[in-house]
Every structure is written in structure tokens, then in C-alpha cells.
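> Quick note, the sequences are listed as chains S and X, same order.
Residues in the first sequence are numbered consecutively from 630, following the numbering used here.
Residues in the second sequence are numbered consecutively from 69, following the numbering used here.
Hints listed in this document are in silico derivations from the structure and should not be mistaken for laboratory results.
Because the structure is a prediction, the values reported are computed rather than measured.
Where a beta carbon is used, it is the ideal one built from N, C-alpha and C, also for glycine.
Some clues are possibly wrong.
[What the hints assert, rightly or not] For each label pair, taking beta carbons as the anchor points, the in silico distance ranges come out as:
no.	chain 1	residue 1	chain 2	residue 2	range
1	X	G327	S	T1323	32 to 40 Å
2	X	Y253	S	N996	33 to 41 Å
3	X	S122	S	E1270	24 to 32 Å
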Amino acid sequence: MAISTTARSTYTLTLSFLPMAVALTLSGGAQQSPKQPEGQKLFLSRCSHCHGANGQGGSADPQPLAGTLSAKELASFIKKSMPSGPKKCPPEDADKIAAYIYDAFFSPLAQERIRPARMKLVHLTVRQFKNAVSDLVTGYHSAIPYVETHGLHAEYFKSRSRDAKNRAIDRIDPEVRFDFGTDGPAKEQFDPRNFSIVWQGSIFAPDSGEYEFSIHSRHSVQLWINGSRYPVVDGEVRSAGDPDPHGTVNLLGGISYGVYMVFTKATQGVDDTNKKNAKPVEPSFVTLNWRRPKHVLEPVPTQFLYKDYSAKSFVPSTPFPPDDRSMGYERGDGVSKEWDDATTAAALEAAEYVTKNLSEVSGIPDNDPNRDKRLRDYCSDFLKRAFRHPISDDLKATYIDKQFRAAATPEAAVKRVVVLALKSPRFLFREIGDRKDPFTVASQLSFGLWDTIPDPELIRAATTGELSNKDSVVAQATRLANDHRAWSKLRDFLLLWLKVDEVPDITKNPKEFPEFSSAVASDLRTSLELFLENTAWSKSSDYRDFFQSDTQFLNGRLSKIYGASLPPDSSFQQVPLDPDRRAGVITHPYLLSRFAYLDSSSPIHRGLLVLRNLLGRVLSPPPASFVPLGATARPDLTTRERVALQTKPEFCNNCHSIINPLGYTLESFDAIGRIRDKDHGKPVDASGTYRSKTGTLVQLAGAQDLAKYLATSDDAHSAFISKLFVHVAKQPPLAYGPTILSELQQSFAKNQYSIRRLLVDSVVATAIPSTTAMPSTRSAKL
Amino acid sequence: MNYFKTRREFLRDMGLCASVLPFVANLPSLSFSGKSLRKQRLIILFSPDGVVPSTFWPSAVGSEFELPPSLKPLEPFKNKTLILRGVSDRVRGDGDNHMRGIGCLLTGIELYPGNVQGGGDTPAGWSSGISIDQEIKAFLQKNPNTRTRFGSLEFGVMVPDHADTWTRMCYAGPNKPIAPIDDPYQMFGKLYGQAKDQEMLKSVLDDLREDLAKVRSQVGVKDRKILDEHTTLVREMEQDIRAARTRDVGHAIPVISPGVKRDNDSIPKLSKLQIDLLVSSFVGDAARVATFQFTNSVGDARFTWLGIPEGQHGLSHEPDSNKTAQEKLTRINEWYCQQVAYLAKRLAETPEADGHGTLLDNTLIVWTNELGQGNSHTLEDIPFVLVGNGLDFKMGRSLNMGHVPHNRLLMSLAHGFGHRISRFGNADFCAAGTLPNLT
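Take the sequences, apply the hints, and build the full model.
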């Protein structure tokens, strides 16, 4: 029987009842532990014969039980209408049955909960969209492979003019941070009144956003970023007492941009100096500073500098609504008006750039006799790269020929093609399903590791059919994983893993921690990022080093606070820090400060970080409301004692007995992550415990024990692997088969816990089925 | 806020060339739609982390009451203010109280399962229903007499650039959160941006739709939904372009001061810019419904301009016994109240285009929050402070409704627009109908 109502949403619901005397069938029972066991029992005995044990429908009534009625409405429907004979279900039973089926499978929420994992059609994430558009418009970004030495290519000239014959020094400078005094770059070799320097190479932008550059110098300085026509920083002409010249530029995270910087110490204009009567030599200095998003002004650290010059690239600036994170990772799920508006605005922005710089981006001179034909070829190539597949004649007719016919000028035609291509579902949506098509494999690799469209080498490999062979897929993935763009993706993941992906404002009580400032917080974040890069992007790339390293990266400012011995103006360098008390990232002062209060440590926040993010555990619900106990209320207690007292009631303790003992192991560190032996005048107790997923109770004597456990335990490894996998795949792991994560865990151990290998194995698993042989035939694509 | 005197001045200052002129002339407004009807409007303004009950709720009930410290800025509008205590968010299910606090606030329905975890509670995803602002918008947009260019506008101030349950209050439907625009320049572009590329866009849309249909036939049944939604958006874009062409600007284009950055210390400036843009969008009748979201649920703005260095969320956890913290939280809520009062003032001093009264006579502001109180995370006594005469509620009163589900208030808002729904959100909380004693 069916009913329909005229409530806000119309629905049809079919329920049927059989006579009561039906045997109890428990096979394939609905849920492991239903919230309404009585209701389940009643449902299974009286309703499941027709409706199926999970309400999926049965032979008598194949319609699945699902709808938008509330539990009460459902109960009243059952009372009135079920079963179909004259004798209706007793009201009490109907309430129980309704409560059970509503929660187990009827409600939209329950339907969502029991839906099996599958690969969904998703659109490009914001990052993927912007990277892809940038790559499409200005060709492929220069690849920057992994390098050991950082810095800019420097040329020092013995005059204001930068002729090769005047070049005295040619080298790599790790940073641009010099105090030449009154001697010049090298005594005797240079006239200290008259020399110039050029630095060039690339600068790696770790995050998307506005970057401010500023050059600390009293002399003539200019800086160009990303092939800008005008200098981003222009201090060619200097007045006495003027501030350091500065300028801002928008950059995309994960991309390296070309840098060209000139320093000149000489009289600008006509050189009429009379050397004999010259004034004393003025001392000179130069430092290249930046303020990256949410950081303070600092000298650009060497890790962000490369000697090779990157070609100019288009930086889309259209603001986008952020991606869906409701599953804990960014993915392109669902479409919204704001997203659609942003893609339109970005398509127009890109089209504008292409048409304004047409000869430059297409390589076709305006006076080329074959311009129309060549521009059509350019458009065809543009479409092929945008759609990540060869372009059929049909598509060419719609997307190119028709547009050239409709437009008055070739520029207008190209503009139409670009807008149409970037608004096309073939560009906006990720390819799904068919993992046998080599072009789809190329896209999986490229989006998985670089968050962008395949590069020319991948397209070549797809075209020749190489990607039908698993070894070639692995080789291509390994090539991509060695590039800086893969590091950028991995870096984002590591910050997410440690729950510091959003840059927090860390502030501390100035009375208790007068030495802690926003500059220190910014330095600490840089220090953490250097630690992560040095560990994950090193040759061995060993996961265990996250927790086993006894060094940290400090500069002069941090060294003073955390008790290392560096000169006050030191740049960041790797130094041993409390090797018998600290252990790797979990004792990094940035995390310890982040997961702490204004003036005290927080075992709960630290414990949650370890439990959820590093050990991958999920907690059951706590009571809805609580009033916390302030630190000032019980000054006689240590933080540990106070937290224990606050969370003592049984309804708190269910979870806090798991959270707190992990957080306690970090109690030897205060609110800014310095070592402490006493808290509120009493000795610190940093002992803790953890019960693993398999039930083993682990005793932890302190931070180093915790770190050791995180380095070696299955719980920590599986958390790391599953989180990294979804970051790469942007689809649920189960959609790739039930064993994918355990297979990755096995190979992780086999490969000496190499993170880079894990990255390659993960992306290969998303690109090709794990065991079946791959046929080389091409098949239908999106 | 200044206004350009002439269109030419505007063009010059915007750096636009003469070729854009015909398109700027087509900037939209709805000066001729619904001319004879009253333009009812709704603004829902959100501030986070609960309030301090003792300094927020008036002690007296009825029309004789004193405004407590947190509400003092509303003194000039006291006779246009209605304070509702005893309205509670009774929706339960997945998610912590901050998540449900904001996610169920305007939807009145449970969150979907997801795996975003809050302060120790079960993970949750997006809301499973539409929010009341969007419900009312859809109602108004269905009728040609009340239809406007955007229907609704979603404003924000320093909303983190992060789509999760804590940052989203408005939903176009289940699993359809709407991102507020917290960049005034982006909002300006949306309201007044040039339409120069729209003609070209429109002419390629047919080709795009044709190809969308082809692609749709090539994907599995389960994945067609997202492509259908995409197709709908393409159609809407076409309608927007057509609508924009038939309308005249109707009011002076505001000038907004340039270069205000999206950072913590600029919150007062951002707030003012956004409020001014909101009022100006109402003058042009670009929308009848607006939401205005300060930061997010668990918002941790540092009120440095009030001399408060700590983040709001951290402070809101301090117990009642910490008097300094409670005093700071009172001042923070007083600051939010000042923003409500500034909005009310701007509406009150802006006459309706038809000469009948002011914008505030036809607008209802609803100021709300995801929690009743920060340190207990309670969802009882959710703050609902109403200002303005848009829905003809009887103002100038302080009421205690006594633990009623907030779904009933949401229904009352819809009824105020003549949209007589019998349930909104979880039907179990709607049985008793709209709230009594409002009109």
C-alpha cells in the first residue's frame, strides 16, 4: 500500500505487513548494536518477511524502506496502516518499530550512514582548478626536482654595468642576507664604492596568498617576481631616510616563481665622482625579506630558494568558495551557485589573459600568414590538455570551428574557446570509473601527486600506450613524486595530519611568557615546516624519523628561548635540542604551544591531537554540556591534577580516560613548549598509558616513550596511511576495495617506512587496479 | 559611505573605459517590480560562542524592561526591539554543540553523518535540510512580485577560508551549504561588477548545455545528479544575464574605501563596509533576504580594538567565577550589539524608494548565536534579539517563551512573509505551530 502527503517534500512510502506468525530470522541482521534492540526484534519478527531484514525490500514488497517522515509520523502511519489486514500493530510496538527503523535505515541520515563507499563524480578542487588553469594558460611550470642545496644564483660585478667581463664572482648564495661593511663583497677584489650584484633563480611559494617582499638596504635595489614587467620592489632611486622599499604580489601555493634581483652600489646616472676627493666609503648591506601569508617579516629562508629560473606563469586571482571538508579532507563534492559563479569569473579572467598575451602564450606572431589555422591548432591543443584526452572531430566542431565562425576576430574566437573549455564538464569534473584508459591513468597520477593536469611527458606516455604497463605507471609516479609539486602536496598533508593546516594565531599570557611574541610564533611555524621538509623530503624519507629525531631547526631568536647556543642573528639551522628529553615532531615547541592554553599546558588538547590525528581513533559522544574548572579556581593543583579532577565523573571519564593519559606524557613541556620539571611548584608526572585498537595496554613513561610508540605502532601507521591516501585520492579508500589500506601498510613496512614510496604506492593504487593485468586497449572516456 | 554623483565619475574611478558603458547602464535593480506591494525583508545576523546570560537577558518581562549591558547599544531602537528568551535548539544527533549550534540554527534539522570531529563529539557532516533564509528566499523568488535579482545575499566578516560544519549557517538544501562572502570587494563585484563579458558568455551557453547532455549520457546513473545540478546552474546563469539586461541601476553606486585587508584587526572596518553594502543592496532591491555572519561557530576573533588580547572562543570557556573573563565577554557581545544597532540605524535613516517609511519599517533583523552560553555549551536559551518592523511583530517587549523549540520561531519567520508552512526542519518540533504572542 502506498500513501502520499502534501508536506514540504512529497514522498511515497510503501509498507506492508504479513500476519504475525512469521519465523524470527536473524541472518543478515540489520546493525551490529542497534540503539533500539526491542524495536529491532519486533521488526525482524513481524515486518522483515515482506520488507527485508534491513528494510531493503523483499519479495512481497520490493520497495526499500526509506523516506522523509519523522519517527513520530512513521509510528502513527504504522499504527493506522500496518499490517494490511484488519488487525493493526499495537501502538506501543509501533513506536518501538518506528524508532528502530528510523534510526537504522529509514531516515535520510541513516541512508547516508549505510551507503556503501564508491567513487563519486567530483569536480576539481579549488587548488586543482587554479593549478590547472595556470598550467593551461602559460604552458607547463618548470619542474623543480628535489635538490640538496638551496639558494639563488649570484653574479658579482666590479662595476655598475653588468658586463660579463666585469664579473668577479659567480656562485650560489644560500640566502640574500649580507653586511658588506666598507670593504664590498670581497676585499681588494672590488671597489667598495662601485659594484653590483644580480641574484636569480626561483622562489617557492608554500601557500597561496599575498606575499610582501621588502629589501633592507640603503642602496639601489630592484626585485622582479614571476617575470613581472615592472619591479615588484622598486628601490632604484633612494632618498636619505626613506623606508625599505617593498611591494606585494599574489602567488599560488606549491609553485616556484622566477626571481630576478639587482643590487647596485654606485652613483646612479652620470658617474662624476672625483675619487681623489671622495668622502669615506659608506658601508653597505642587503637583505631580501618576505612576509608570507600569516607570518611576520623575515629574511627569505634558504629552503625556499632555487638556483634555476622558473618561467612566467599566470596566477588566477578569482576568489573561490572553499572546498567541502565534511569528510575530513578537501574534495570536489557537489556543486553550488557560488562555485559556479567563481568558475565563470575565473574562466573570464583566464580568457582575458590569453587574448591580451596571445602571441606570447600561443607562440604565434600577430603577423603570421597562417595565423587563423595556427590559432585553431593552438585551441585544439588547449582543449586536449584541458580535457586530458584526445579531441574527437565532433568536439572540435563544437568547441573550435563553431566559435571561430561566430566571432568577429581571431582574438574573440580564442576567448570563446577558452571560456567554453574552462566551463566544460570535461574540464571541471574529474574522470571516473574506467581505470584502464591510459589518459585517465595519466590524470590520476597527475592530480594525485601534483593537483593539476598531466604534463607533456605524461601525455606522451599515455599516447604511446606506455601507461598500459604497470612498471611504466610506477616509473611515471616516481618521477612526479620527485618533483617539488609533490612536496607541496605532501606538505599540505603533513600540516593537516598535525592539525595545523590553518595557521592559528598563537598568543600567550605576556606576564608569564614575556619572551613569546607573534615573531616567535611565526619562527616556530617556520621551524616546524623545516623539520617536516627535512624529514619527509630527505633521501631516506623515513616516517619513523618524525618521532626519532633528536634535532630541531632553530634561529637565533628561538635558540635564546629554548636554550640552544646560537648567535642572536643566526638563520635557521638544525641543532640538537634536549636530546634526552625531546623526540621529534611531537615535542616540537610549535605543536606544544598550539595545543596549550594562554598560560598553561593542555593535556586534553595534546591528547586529542595524538589520539585522533596520530593514532586515528574516533571517540564516542561526551555529555552535551559542561562547565570547565578554571586554573585559578584551584591554584594548589598541578595541571595534571586539575584535569584529572575535572574529568573524574564517569560520564566524562569514558573518553578522558583515553585522552588524558596520552596528553599527560607531554606534561614535561609548558605552554610554549619549554622543558619543565615542576608545575605549580610540584614535580611533573609525565607518565601515561594507551590501549591500542587490538587491546594491548601500553605504558608510557613520558614523551620519548610516546614518540617511540608513534614511530613503531600499527595504530599510528594505519592512521598515517589512511589519511595520506584520502589526501591523494579524494575518494573513500573502500571505494578501491576492502584490502587497499592493509596492502599499503604492508608495503610501507617493507619499504623502510619511506613516505615518498607510500605516496607513489598510494597514487598507483588509485590509478590502476592492484592485481588484475591491464589490457592495453583504449576505451570510452568521460 | 560616499556615493558617486554621476555614472561618469563612477566609471572614471573604477578605471573602466567607455566601451563598458552600455553594460554598466544595465546594472540591475528591480525598481519596477512589485511597485505597489510592501517590500518585506529579513536579515539574520550571527555572532558566535554564546553570551553571558546575566548581562544579556533583561530581568523583566513585558514592555517595561531595562536593556542590560550587552544590549545597551539598542537603546535608540528599544521600542522597535523584541527580545525572545526561552527559545531552545532542541535538535540532537551527530556533531558537537558548536557544530549543531550553527548547523541546526537556521535549519532546525539534524546534521548528516560525516567525519568532521568537534570537541570530542561524534563526527558529523553538513545539515540535512534547507535553512529558513533560503526557504523564504525560494518562496519570494517564486512570485514575480517579490522576485529580486539575487533573492538572498550572504555576508560574512572574517569567516575562515575553510568549508566545514562550523563555518556554514545557510543551506540551499540538504548537503548544500552556502559560502558567505566575507570580502567586501568581492561582494561589491557581485553587486556592481561590470557585465561586459556577459553577452559573450550567453552566446556560448547553448554549446555548453549541448555538451553537458552528451557527458551526462556517459556517466553512471548515480553520478548524473551532480551534472543535472550543474546544468541547472548554467540555466540560472543565463537567466541572471537576461535579468541583468532588462534592469536599470536605480540607485547610486556606493564607493567603498579601498585596501581593507581580511585580517583580525580590520574586523570593525570590514563589518562597517559589509553593513553599508548590505543596506545599499536593499536600496537597489537586489535581495529581500540577507544573512550576516561574524567569523564562525567557535569563532576565535581577538578583540584587540577593545583592549582584549585573548581569542573569543578561549575566553568563552572560562567559568562563571572568572569575573574578568565574563566582563570581557559582555563587552564583546556589546560590540556585536553595536553592529546590530549600526545596521538598524542605517536602515532607519534610509527612506523606501516609494516614499513610504524607511527600510527599517519593512525589515526584521534577527540577531542570533549558536549557543546560549559559551562555557556550558548549552543549546537552551539561544539568543534571539529582533529589531525592526518588517514582519509586523509587536516590538518593544522582552518575552520568555519557556523552553520552546526554535523550529517554531523559524516557522513564524516564514509565516511573517505569508509563507504558511506547517513544519520546518525536524517535524517533531513543529507540532505546536508558530510561536504565540509575537504579533
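> Compare the structure with each hint and give your call.
How the hints compare with the structure:
1. G327(X) x T1323(S): 32 to 40 Å: 58 Å Cβ-Cβ, so the 32 to 40 Å window is violated.
2. Y253(X) x N996(S): 33 to 41 Å: Roughly 39 Å apart at Cβ, these two residues keep to the hinted range, so it holds.
3. S122(X) x E1270(S): 24 to 32 Å: 30 Å, holds
The structure fails to meet hint 1 from the earlier list, while all remaining hints are met.
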